[in-house]
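Engineer: Sequence:
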Amino acid sequence: MAEIAPDEDLSEVKPEIRLRDQLDLDSMDFLDIVMELRKQHGIDVPEAEYRQLESLDSSANYLLPKFESGAAV
Numbered sequence: 001m002a003e004i005a006p007d008e009d010l011s012e013v014k015p016e017i018r019l020r021d022q023l024d025l026d027s028m029d030f031l032d033i034v035m036e037l038r039k040q041h042g043i044d045v046p047e048a049e050y051r052q053l054e055s056l057d058s059s060a061n062y063l064l065p066k067f068e069s070g071a072a073v
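Sequential numbering from 1 applies to the sequence shown in the working numbering.
If you're looking for bench data, these hints aren't it; they were derived computationally from the structure.
In the DSSO-like style, the derived pairs of lysine-lysine whose C-alpha atoms are separated by at most 27 Å in a straight line are:
1) LYS14 - LYS66
2) LYS14 - LYS39
3) LYS66 - LYS39
Using the sequences and the hints, build the whole thing.
Structural biologist: So this is what it looks like as structure tokens:
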């Protein structure tokens, strides 16, 4: 996450709480994160799966298999 959102202070982020609530992200900020995942790692996140990126925990559960399977560039 730090690689995708380098301007955010992630030191106080709790892994189980929604990122939007903790980092005061609006929908455009969230879309920037989705676009950076595609740009930096080649991971496409369909809109129907955006909820999988709500927290650090859910993001890890969703993204780690994609990295491990080679879906990420």
